[in-house]
Amino acid sequence: MIRLWRWFCLRHLKSYKGRAFLCLLGVALGVAVFVGIKTAASSALTSFRDTVTSLAGSTQLQVTGQGNGFPEDIYATVASAEGIRAATPVMEFNVLATAPLNEPLLMLGIDVFSDQDFRHYDFVESAQSSGTILSFLTEPGAVALTEKFAQRHGLKVNDRLEILSGAKRLTFTLRALLKLKGPAGALEGNVALVDIAVAQEAFDRSGRLDRIDLLLEKGAHTETVIAHLQKLLPADVRVESPQKRLGRIQEMVDAYRLNLLALSLIALFVGIFLVFNAVAFAVSKRRYEIAMLRVLGTQRWQILGLFLGEALLVGLLGALLGVGLGLVMAKLALKAMSQTISELYLLVRAESLSLSPLIILLGAGTALGVALLGGLAPSLEASRTLPNEALYRGSLERRLHMNLGKLSLVGALVLGLGYLCSRQPPVQDLPIFGFVAAFLILSGFSFLAPASVLLVNRSLSSVFSRLFKLEGQMASRYLGRSLNRSSVAIASLMTALAMLISISILILSFRQTVVEWTEQIIAADLYISPAGRITGQRTGLPSELVESLPKLPGFVAMERLTETPIHIRDVPVLLDVTDLEVKETFGRIMYRHGSSSEIMRRCREQGQISISEVLANRLAIEEGDELELPTPSGVQRLVIAGVFYDYRTEGGMVIMDRSTYHRYWPDDHRYTSVGLHLESAADPEQVRTLIRRDLGRSQEVFITSNRELRQEILRIFDQTFAITYALQVIAIIVAIFGIVNTLILLVSERERDIGVLKAVGATNRQVQKMTLLEAGLMGFISFILGSVNGILLSLLLIFVINKQSFGWTIQFSVPGAMFAKTLVLVLACALVAGFFPARAAAGKNVSEVMRME
Amino acid sequence: MNWWCTGGQAEKSEKGKIVRQCLKLGGWPVGCLVAVMLLASLITVVHGQEDEHTFRRALPGYVYRFPADHAAHPEFRTEWWYYTGHLTTEKGRNFGFQLTFFRHALRPPSTQSQSRWAIHNLYFIHFAITDEKADRYRFQEKVSRGALNMAGADPESYHVWVQDWEVRLQEKRHRLKAGKKDMGIDLTLVPAKRAVIHGNNGVSQKAVGEGYASHYYSLTRMQTTGVLHWQGNSYEVSGQAWMDHEFGSNQLRDYQVGWDWFSVQLNNQTELMLYIIRHRNGQADPTSSGTLIHPDGSSEHLLLSTFQVENLGSWRSKKSGTIYPSGWRLTVPGKKLELQLVPTVKDQELTTRKSTLVNYWEGSVRVTGRFEDKDVKGRGYVELTGYDEEFRPDI
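Going down the list, the sequences are from chains A and B. Mapping to the numbering used here: the first sequence position 775 is 775, numbers consecutive. Numbers given in the numbering used here equal positions in the second sequence, counted from 1, plus 853.
Isolated chain B (complex conformation) (with noise of 0.2 Å):
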């Protein structure tokens, strides 16, 4: 799940309304203005009815082939591969990390530009390292256009990059690198469980409606080793990694604000995502939902009736000024699970400003509970999106 989609639920009046707020300020920097470029753009999606004959949908009896999907489908609109993890060193210091790689298309792919710089695709990346023991977290984004192949996704086989931060797929290796000496990655992870397909049939779907949805899958489980640069020191980590990939051109309705997105790994092997998208009057969308997947491998998905999340705390954001939820209890009665996530540090929110000037909250969190009887602890993932809307001008 992710950010961007914030913006599409802005309808016409919104947007105005969003933009003027932006401008209290005065002018527009830079940043806001792709920010609004953005909210345009996929507002076109779902007003201009002329897009959806050039961008493909993402429709039920999707068939998945994997490391082929894996790869970049510049036939749909917005592309994103996502990686969460938590880090050890020799030591036993504990880091965390997010490294995201976006792709949006501006124009259909069959359009074609004289010159190199004509925008196609739109590439972000956002990275953030989260360390525990420090109690500190630090994020980085890169922006480009993907002129002379500086930035770009392959469709052929798995890499994607801006500049020298990329992720490939080597045989059946993902190799993530992004950041510098003072802050960087360079990590190799395998997969220890099959992809999970999210949904039903090949599609997850984000609202009601024919084609609001996207194809989404999960790697819950790669063993991940390689180098944490931080501040200035290099460190041999290891740990375990998630990976998400997701791919659509119209995914949200203009009623949801945002959502709260959850990834569980447990000790017993057993992996826990949950999404829950919110409407403007605060209520659930009746599409949220989830997947359990078991130690073998298998999932089962979770309806939104099956679950519940309940906040246990809140956080305000001195740089946003936004206020989050901070900590929460899951509980899967069916299943006999009951979990409480607790951040592992307060402050993990990204506030965008090269990129899209979007404030989100994505921070790594520690998870105790029980599980069919018996004491489970992990380590898990929480995406909080949205909840910046009425504090707009502060950005």
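Bound conformation, chain A alone (with noise of 0.2 Å):
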């Protein structure tokens, strides 16, 4: 049997390697996207488990509060709690060290004696230590780093480290340094270590802390001491153990993984076409050996196995490559990934890979899974065969028109799954459901393909025969008859021109409604911030820089922005305090229902609070409704004036009044950002430069305009979509290979017709034209079908999975460029697709395929 598939299909596969290597290839970009996304995603979780917990060390329990922290008096409440066993205090600052070393730090205030009971930090030897240890303890902005970070920078102790923090440019000197080990090892060694005087001090927090971490005592039950504290302290400060924390963001994490694995399901599916044609090729290509091993007596199960075969080797070549590629494209996606973790919920520097072999196995089995499953039909269909079957060729088309009703059944059937499907709730916060119904979509178009392929073809054969003459009307004629091959071909363009049109409808009706948003909530002329601001971090600008501000010429009045990350229970969302009073006047809030103004009025004059619709959403609350707020005055309840659309942030968010924050937060008096309205006389460029002139050397302040504001929302925007456009030229690819090979199979097929048609006088130029033709029109059918199919899948995407998922409104908007620009490329493609199997059937010798007869 080995020896026999060696000779059968080897010898095949080796004939035509190039078409096995673009089979080979479909199969691989399926399974590199889906190898590449998992790995880069889990490695960027790794990287960010591993820092969580380096940096946790031992502690069980930690307390954290809200953006500004909390009063430090509470360390002594929790010290001496019942069921404390150690406590300790720690600040935490991301910075930025400044130019040239241009790289974020984690710095910590840590106390070294209460400490030591959680984290192991090591100093490593050096000539001058003894006395610089004292002094890391004693003097003001003494700093360690760790080894590594010094060595790539070339610092030495007793060298000064300039950062930046918001605003704020500080200096410190280094006084020690770290071994790469526990807690320093984290964030690959970008962590600074200071005295936690020092870091009040430095940081200007004297009397607040971050977080304070614990251990319990020996026996002491985690429930009962959380709600022990929990009603020691106020209500914006939460104990929870830090594994519970690693958690909820894993949680997050993987919903964002989750939307990006499904697009590579769509490359698999592709990819499925992808064998089916090539084994279909394979079977047809050798229908005459088939029926001689038949006739000299080869079993039917041996010849499903022979294909079976070929199927499993092009899986097994496609794994290995395509888990290569895989591990080649994680490596480029880490880099994006840990960035979209870092900038929604901690500083992570991902720089290796951590391989699994689940997912490897998983991605190979795919693979392999495709392959098979591609090449189940025909090979099912070549064991069928009939010894003196093999010799016509119209039969097995006819089988396929008498299943025509069967098929196009199923596919509605399928089809109708899939809309019950689209209309069930998340699982778990997971649109699981909706998934289900892209692939039920997608599986009922390419079931009802033929029927359709039939259909088009029908209504367009007058019109065809009209335009191209002759050549047109055999071209539509021979595509309606070889059915079985080329709906296979067209379902898999299909397939992809469906995904590429819907992702793209949803990445553009999202973007227009961005635009439209950024346009009605940026009002401000010019916008400022701290210049140092990383992930989380909502560090003030300095409070002399905003009471400057309205001497400034030009002025007419300031938003002053206030963000402080709160807990809304257990969703972390954010509170953005702004001055209502001047919103009201010079911008808007896009809200859902409700005057704009009316509803900003009661926020200001009764104290109500406006939240995004993703957070309304996701506690299923609406206008009108009371919602809790922790705050360090107590919970406060307050009534919900109005819903508003906002794109900023996946968790949700929270409007506010100065007036009203204060009246609950009296302690906290940071500006995160400043929006300046000017005169409209008035130069910005002319404002700017007379902010940075006043500002001096100590601070540092982004600055940015109007229409950069916007820009930048926009440039944001596009790199997160990025990695949807590269997958969307992979499906691409991959169909095209489809197109090529169905042209080249049906070319195959048709060297009997071709050789007649030549016989009773076809020019060379006449066959190439109507094959050029069949692949155009093959071309313009998949993309009628890709459309319709497009345009559902984006309704699914838009109002199912992204509403489940994301929480987002997306307005739906069909750009029509974008149709007119795929048909274009979809006809080039086909056209230049066509073009080798086109010359390769001019080529054909007459009497040499006529010889058969």
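Read the hints as simulated data drawn from the structure, not as lab findings. Keep in mind that the hints are not guaranteed to be accurate.
Partial chain B-side listing against chain A, Cβ under 7 Å, derived [stated by the list, open to error]: (1) 965; (2) 968; (3) 970; (4) 972; (5) 1176.
Taking lysine-lysine pairs in the DSSO-like style, the calculated list, with each CA pair at most 30 Å apart, reads [as the list claims (entries may be wrong)]: (6) B:1030 x A:218; (7) A:181 x B:1172; (8) A:181 x A:231; (9) A:218 x B:986; (10) B:986 x B:1030; (11) A:148 x A:181; (12) B:1034 x A:231; (13) B:986 x A:231.
No residue lacks a Cβ here, since even glycine has one placed at the ideal position from N, Cα and C.
From the two separate chains plus the hints, produce the assembled complex.
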């Protein structure tokens, strides 16, 4: 059997190297995307988990506050609470080492004495250590850096380190080096250590702490201790285990990853068609040989095995290539991925891939599965070949025609099922049913493809024959008759196009929505924010700067913003505090119901709040409800005046007037950014220069103009979706391989007909034209079907999948230009794809192909 | 007397050596960092003369006032309050305890800081229990920078604490609290004799030279009652304790490696305190001295020439590898006093990982002998420091 397989299949694959390679590449690409995204995501997540766990050390519980931390006296309360064995205070700052270093650093302010029970910091030996270690504890501005970081930048003990924290430029002196172990090994060594007193004084945060780590008494019950502490602490201070914090973030990353993975499944779906095509090609090419084998006594199962074996070989090679490609892709995607996590959740520096055998096996398994699934139907068909049947071709086409009705019925049923799935609620906040529906829609359309091809082809045939004369008529007829092959190729191109179109509609609609939103929301002429702002840390602008702004020439008003990350019912929410009176005069908020100024007035005068649509969906609350906010002055129940559209974060948002904020957060006087409104005659550039001049060297801020800010938002938007563009390109490449394969297959199956045509006087040019026309027709039909399919999918993406996983409202818009561009692309690709088969068809030797008759 | 001044003997080159030895294991744990930091700060005292203006030195002529002098003296750099005692349960089971409170200033008291976490003083507590019957010994330690008043030493009235471990004066009673259910004490100590001021003219000289001294007094016999928590059981206990209080700014010289210190309470209401400060070459420092306290509370200063200390054996620590003397004969020929001291438990070594990373032996001893031609017996405590010097790599 193996010898037979080697003779029968390998010989075939060898003689069609190029084609086998195309097919292999198709499978490989699907696998590559799958392995790439999964590996990148899990590597980013691993590095994230490592960061969290190495920073936590042996910590069992963590006490954390909102953006501005909490009063330090809480430490004394917590440390002496029942069930607590040890407690240590921590200050955390995400800072930026200034040029030429230009790297983010996690700066930790610790109390070495109480920290000993939690973590192990190893200091590096050096000649001057002992004196400098003392200064590390007592000297203002003393810092310890990891050896790795110091070496990379050529820093030595007693050198200076300049950092940017928010708008503040600070200078530290390197007094000790740390080994890359324990917490110092987090973030690939981008960790700086200072004494807690040094931290409080340098960052001007005396009296406040960011975190308290806790160890429990032996035998203490965690939940009891949490409940007990929560009773002792103000409402805005949380107690939870590092694992829980990790788990919550993991959930969010999972959702992000699932969305990308769903896209890779579409690429694999196209891969199934490709294998189907390739095996069908092999079967049809060797129908005569199969018949001979059958005549010689080969069993059906052996024939089945032969072709499935061939498919498996393609799958195996595809898996190998795919995994390799995937890892390369993962390396590229990792940076983007860790950046996303950093922006959303916590500073992460993922540099190395963590390979998971499971992911690789899963990817390889998927490749084999895809290959088997794609190869099954044609292999079965080959095994059912009767020895005498092999010598005639028409019989197979007849079989498909007879089944057309049945196929279409299945297609309709699958589509119906898809519709039902699209109406289902999310499973654990993930749009699982939405993805199932997407798959069903794609499958349903594929089942309907043969019937649709027939239908479209018939309605087009008169136009086509009028346009392209005899060759057009012939092309159209051929297409109708070779439905078995052509509909598979059309279905695979259709799937790829549907994916392209649906995602394009999603992104373009989304982008359009965001553009309109930015135009409404960004009303000020200049925006000022701290320059060293990284991840989560909401440091403020220098208050002297904010106070000096009204003296600027052309000043009309300013809107001061204070952002504070809080938690509402375990959901992370950004609390946006602003001067609503200014916003009311100069801009507006896009509310889903009600008048913007009326709602803002109620927020201002009656202390009500506005919440984002995302938050309203997640908490299942709406206008008029009350929301419980944890504040330093206890839990406050505030009425929701309005629900607004917002596209800034995946989490929720709450907008509150400054007067309300000061009532409940009396200690927080930070301004995280300021929007400046100028007289229409004023020159923003000039004002920007003036602000910069007054600022001096100790501080650094970003001053962004209205236009720049809008552009920046769109830049971030486009960057976020970059990976989906890459996936589309891959799907198109895969689909074009499919077309090339199919046409080659069709031409080879039609050798006899072409021979006859040539025998009755058709010129080479006519044969060529006919084949090209057929390719074009296939492309066109794919486009029509793909468009319908794509629009349906885009509706699903926008109104089900997006809504369930992000909760954003996206205004649906169908971009006509995109369709035109796609059509041109498809036709061009189809014609290019048809060129080689057409040339091959024209070059057939009449006598050779006729010999069989 | 106490352990940390061992650091003070190290001169500049020596400091480097210790640091290097400290590093043989690879990195420094934070405990070592603290130890080295203390070391460094003490050396700064010896070599950096500017500190002499910022901390007060122990000079002759100091006049004690009680109970005010029980409380903290922040104008001096270092200070400790030291309690040892022998307790007996109602069923006659014997325990020893040691509870020591340390204060060490890193900045002069006049320094102002914005952050309440800025280190002005470091506070340590060492706490040990000796279980004679089970031949067991355990110690615990606490260290704190005293932020948010979570540790401190009140200069106004006697109260020294690190979190819930504390000593405070309530009228004439000293209240001690330390530890938890598995190992803890809650004791009340009432002095049976007046305070004994060691040395001459209010100062206890520790080395030749002005200011190399401390102010040092003891309450040599305190009636003790209270509760002892040990391995899950609580015992009503009673017994006798000894309190030392010492404060100064720079005491030892760089040629001094450590000391042997003895306190003895005899059953004839007499007490004896002796200390020998050892030089690097093994010689006893001429300032080594002692005090003999009579039943009526009167006392006599003993010069080195009037007494002998003879080691009768040795003990090697499995934990640190350090070899300590174990068993002594103390003789004061002029007073017709001859005593033999035997440790109740061999292993009473503190290997302080958290607070200081210094090893020392501090343990209860049984005392027998003759005094003025009569048989006497009693209890005592012995402190041995500076023996781990050569073995530092083992830390």
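Going down the list of hints, with the structure as the test:
no. : hint           : verdict
1   : 965            : violated (12 Å)
2   : 968            : holds (4 Å)
3   : 970            : holds (4 Å)
4   : 972            : holds (6 Å)
5   : 1176           : violated (27 Å)
6   : B:1030 x A:218 : holds (21 Å)
7   : A:181 x B:1172 : holds (26 Å)
8   : A:181 x A:231  : violated (36 Å)
9   : A:218 x B:986  : holds (27 Å)
10  : B:986 x B:1030 : holds (23 Å)
11  : A:148 x A:181  : holds (11 Å)
12  : B:1034 x A:231 : holds (25 Å)
13  : B:986 x A:231  : violated (45 Å)
When the structure is compared with the earlier hints, violations turn up for hints 1, 5, 8 and 13 and for no others.
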